[in-house]
Structures are given as C-alpha cells and as structure tokens.
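Q: Sequence:
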Amino acid sequence: MTERLDQGWFTEVFDSHGSAFSLMIKDKLHEVQSPYQHLEVYATETYGNLMVLDGCVMLSTRDNFLYHEMIAHPALFSHAAPKRVVIIGGGDCGTLREVLKHPDVEEVVQIDIDEEVTRASQRYFPELTASNDDPRATLKFEDGVKWVENAPAGSVDVMIIDSTDPVGPAEGLFEADFLARCHRLLADGGVLVQQSESPLYHTASIIRELRADMERAGFDSVATLPFPQPVYPSGWWSVTLAGKNNDVTRFRETAAAAVEFPLEYYSIETHRGALTLPPFMRRALLV
Numbered sequence: 001m002t003e004r005l006d007q008g009w010f011t012e013v014f015d016s017h018g019s020a021f022s023l024m025i026k027d028k029l030h031e032v033q034s035p036y037q038h039l040e041v042y043a044t045e046t047y048g049n050l051m052v053l054d055g056c057v058m059l060s061t062r063d064n065f066l067y068h069e070m071i072a073h074p075a076l077f078s079h080a081a082p083k084r085v086v087i088i089g090g091g092d093c094g095t096l097r098e099v100l101k102h103p104d105v106e107e108v109v110q111i112d113i114d115e116e117v118t119r120a121s122q123r124y125f126p127e128l129t130a131s132n133d134d135p136r137a138t139l140k141f142e143d144g145v146k147w148v149e150n151a152p153a154g155s156v157d158v159m160i161i162d163s164t165d166p167v168g169p170a171e172g173l174f175e176a177d178f179l180a181r182c183h184r185l186l187a188d189g190g191v192l193v194q195q196s197e198s199p200l201y202h203t204a205s206i207i208r209e210l211r212a213d214m215e216r217a218g219f220d221s222v223a224t225l226p227f228p229q230p231v232y233p234s235g236w237w238s239v240t241l242a243g244k245n246n247d248v249t250r251f252r253e254t255a256a257a258a259v260e261f262p263l264e265y266y267s268i269e270t271h272r273g274a275l276t277l278p279p280f281m282r283r284a285l286l287v
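The sequence shown runs 1 to 287 under full-length UniProt numbering.
Hint data in this document are derived by calculation from the structure and do not stem from the laboratory.
Keep in mind that the hints are not guaranteed to be accurate.
Cross-link-like lysine to aspartate or glutamate pairs, in silico, EDC-like; alpha carbons within 16 Å at most [to be verified]:
{"id": "1", "residue 1": "Lys83", "residue 2": "Asp177"}
{"id": "2", "residue 1": "Lys83", "residue 2": "Asp104"}
{"id": "3", "residue 1": "Lys146", "residue 2": "Asp177"}
{"id": "4", "residue 1": "Lys83", "residue 2": "Glu107"}
{"id": "5", "residue 1": "Lys140", "residue 2": "Glu116"}
Label-pair ranges, simulated between beta-carbon atoms [said to hold, decoys possible]:
{"id": "6", "residue 1": "Ala80", "residue 2": "Lys140", "range": "25 to 31 Å"}
{"id": "7", "residue 1": "Ala81", "residue 2": "Gln7", "range": "50 to 56 Å"}
{"id": "8", "residue 1": "Asp133", "residue 2": "Ala81", "range": "35 to 41 Å"}
{"id": "9", "residue 1": "Glu106", "residue 2": "Ala153", "range": "15 to 21 Å"}
{"id": "10", "residue 1": "Arg250", "residue 2": "Leu29", "range": "42 to 48 Å"}
{"id": "11", "residue 1": "Gln7", "residue 2": "Ala212", "range": "41 to 47 Å"}
{"id": "12", "residue 1": "Ala255", "residue 2": "Thr276", "range": "16 to 22 Å"}
{"id": "13", "residue 1": "Ala257", "residue 2": "His38", "range": "40 to 46 Å"}
{"id": "14", "residue 1": "Ala257", "residue 2": "Pro152", "range": "32 to 38 Å"}
{"id": "15", "residue 1": "Ser19", "residue 2": "Arg216", "range": "41 to 47 Å"}
{"id": "16", "residue 1": "Ala80", "residue 2": "Gln33", "range": "41 to 47 Å"}
{"id": "17", "residue 1": "Asn245", "residue 2": "Glu209", "range": "40 to 46 Å"}
{"id": "18", "residue 1": "Asp220", "residue 2": "Glu31", "range": "42 to 48 Å"}
{"id": "19", "residue 1": "Thr276", "residue 2": "Ser19", "range": "24 to 30 Å"}
Where a beta carbon is used, it is the ideal one built from N, C-alpha and C, also for glycine.
Generate coordinates for the entire structure from the input sequences, incorporating the hints supplied.
A: What follows is the structure in structure tokens.
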C-alpha cells in the first residue's frame with residue numbers, strides 16, 4: 001500500500017488489488033517518526049480527523065465506531081462472564097473505551113508497543129481516550145508478543161488483538177505460535193478476537209489462514225464477522241473470533257439485547273447477521 005497527496009486529497013493506494021481510497025484534506029495536523037512507524041494526522045473535509053500509520057489509514061473520526069464496536073462487543077458477549085480482558089495493540093484506545101462500557105469487566109490491560117499512537121489519539125481523538133483514567137484500565141507501552149509470552153496461563157477471559165495489517169510491528173501477531181501462546185493465556189471458556197482484514201480481498205488468504213492457525217493452536221470454534229468500514233481497503237472489514245472450550249458461533253443474546261450503554265452500530269441483530277457469512281465466504285472457507 002502506498003500513500004499519495006495530490007491537490008488537497010489524501011489517497012491510500014492498495015496496489016495488489018488495483019484500488020484506492022481518497023479523502024479531501026484541509027490540513028496536516030501532526031507528523032512524527034516513532035521508533036516503530038511513521039504517524040500522521042490530517043484534518044479532512046468530511047471525515048473529521050484521520051490517523052495514518054506508514055501510509056495506511058488507521059481510523060477517522062467519522063467511522064471508527066464501526067471497527068471499535070465490532071472488535072469489542074461480539075467477543076465480550078460471546079464469553080459467559082468476562083472479567084479480565086487484555087488488548088494487544090489498540091493504541092488509539094477506542095477499543096479500550098468500548099470494553100470499559102461493560103460494567104462487569106473488572107480489569108483491562110492494554111499493551112501497545114508505540115506510545116506515540118496513544119499520545120496522538122489523546123490530542124486529536126479525545127473521545128476515544130475518554131476512558132483511559134478508568135481505574136479498571138492499565139496501559140502498557142511494550143512488545144505485546146513478549147508480554148503474552150511472560151503472562152501466567154489461564155489468567156485472561158477475553159483477548160483482543162487490535163493490530164495493524166500483518167506487516168512491520170504487527171507481523172508477529174498473525175503467527176501461529178503467537179496464537180498458541182494466546183490459547184495458553186486464556187482461561188477455560190475464553191475468547192480470542194483478532195482483526196482479520198477485508199472479506200472481499202482476503203477471505204481466501206489471510207482470513208482462511210488465520211482460522212486454520214487458530215484451530216491448530218487448540219481453539220475449539222472460530223467465527224468470522226464481516227462489517228462495513230469505509231476507510232479501509234474495499235470498504236469492508238472483518239474480525240475473527242476463536243473460543244477455548246466455548247462455541248463462539250453463539251452469544252449471550254439476552255444480555256446483548258438489554259445493554260444500556262450507548263452504541264452506534266453493534267446490536268443483537270447486527271451480531272446475528274454478521275455470524276451469517278455470504279456464500280462466497282462460505283465457499284472459500286469451506287464452512
């Protein structure tokens with residue numbers, strides 16, 4: 001993927017699939033080269049602020065709720081009683097905010113290698129970091145892969161792998177041995193969820209391989225949930241859930257229907273619909 005700036009437009013070109021996504025920009029608000037990646041923030045005409053890492057769009061003010069709600073709530077409602085949650089990545093803190101909406105969650109540890117992402121989010125996306133001071137939350141800026149290696153077995157109920165694309169700092173989060181260590185870390189009945197790229201572009205590659213690796217790591221069930229995401233390649237994205245002695249094709253529907261906290265996209269109906277894959281995905285995944 002490559003980034004282009006031309007006559008007031010930011011464009012992310014997805015070369016391998018011959019597509020691109022553009023937003024009209026007003027100004028560049030922030031730019032920094034961290035030890036891990038090149039971070040930029042733009043003000044756009046219609047999507048609010050835009051965060052870009054190494055030329056790839058990470059989030060916008062206008063549509064980030066789609067991703068953050070779908071990576072958090074399906075996993076939490078697929079667990080019988082989630083109390084201990086770990087987020088690997090997620091430095092913009094939007095996923096953390098969604099997890100902390102669940103009153104029964106007692107502890108959330110977020111581990112992101114790049115502190116610059118969180119600092120930029122605090123400044124340019126303050127709505128996403130509004131829950132950072134919640135006493136249940138702990139933010140760590142270190143290598144998530146190493147943290148998982150050293151964490152005690154059976155100590156987590158839900159693991160959320162909120163990563164960038166499987167290149168650079170996030171590459172290790174898509175490897176089979178990492179998923180096996182996540183399985184060790186989860187308690188019985190635990191749930192793992194990982195962002196799994198575009199259903200249109202990646203079903204027969206990244207998504208199929210991720211599901212197979214999850215099964216090889218010892219997970220008993222897997223489920224891929226597609227959802228719209230306009231700023232990502234193809235405008236369509238997915239998360240993939242895996243259960244440890246837990247059927248993630250089922251969820252706590254009564255609890256999901258009774259939520260009192262604010263939501264923009266996730267609902268019991270959205271969750272049900274996302275579990276029903278379109279035929280082309282079913283054929284590619286042999287499900």
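Q: Taking only the CA atoms, is the gap from Lys83 to Asp177 under or equal to 16 Å?
A: The hint is violated at about 25 Å.
Q: Verify the proposed pairing of Lys83 with Glu107, using a straight-line Cα cut of 16 Å.
A: holds (6 Å)
Q: Against the 16 Å threshold, does the CA-CA distance of Lys146 and Asp177 hold or violate the hint?
A: holds (12 Å)
Q: Can you let me know if the beta-carbon spacing of Asn245 and Glu209 is within 40 to 46 Å?
A: violated (23 Å)
Q: Is the distance from the Cβ of Thr276 to the Cβ of Ser19 consistent with 24 to 30 Å?
A: holds (26 Å)
Q: Measuring from beta carbon to beta carbon, are Asp133 and Ala81 in 35 to 41 Å?
A: Given about 25 Å between the Cβ atoms, the range is violated.
Q: Taking 41 to 47 Å as the stated bounds, is the beta-carbon spacing between Ser19 and Arg216 within them?
A: At roughly 32 Å between Cβ atoms, Arg216 and Ser19 fall outside 41 to 47 Å, so the hint is violated.
Q: Can the suggested window of 40 to 46 Å be confirmed for the beta-carbon pair Ala257 and His38?
A: holds (43 Å)
Q: Take a look at whether the Cβ-Cβ distance between Arg250 and Leu29 falls inside 42 to 48 Å.
A: holds (44 Å)
Q: State, for the Cβ atoms of Asp220 and Glu31, whether the hinted interval 42 to 48 Å holds or is violated.
A: holds (45 Å)
Q: Take a look at whether the Cβ-Cβ distance between Ala80 and Lys140 falls inside 25 to 31 Å.
A: holds (27 Å)
Q: Is the distance from the Cβ of Glu106 to the Cβ of Ala153 consistent with 15 to 21 Å?
A: holds (19 Å)
Violated hints, listed in ascending order, are 1, 8, 15 and 17; each of the other numbered hints is respected by the structure.
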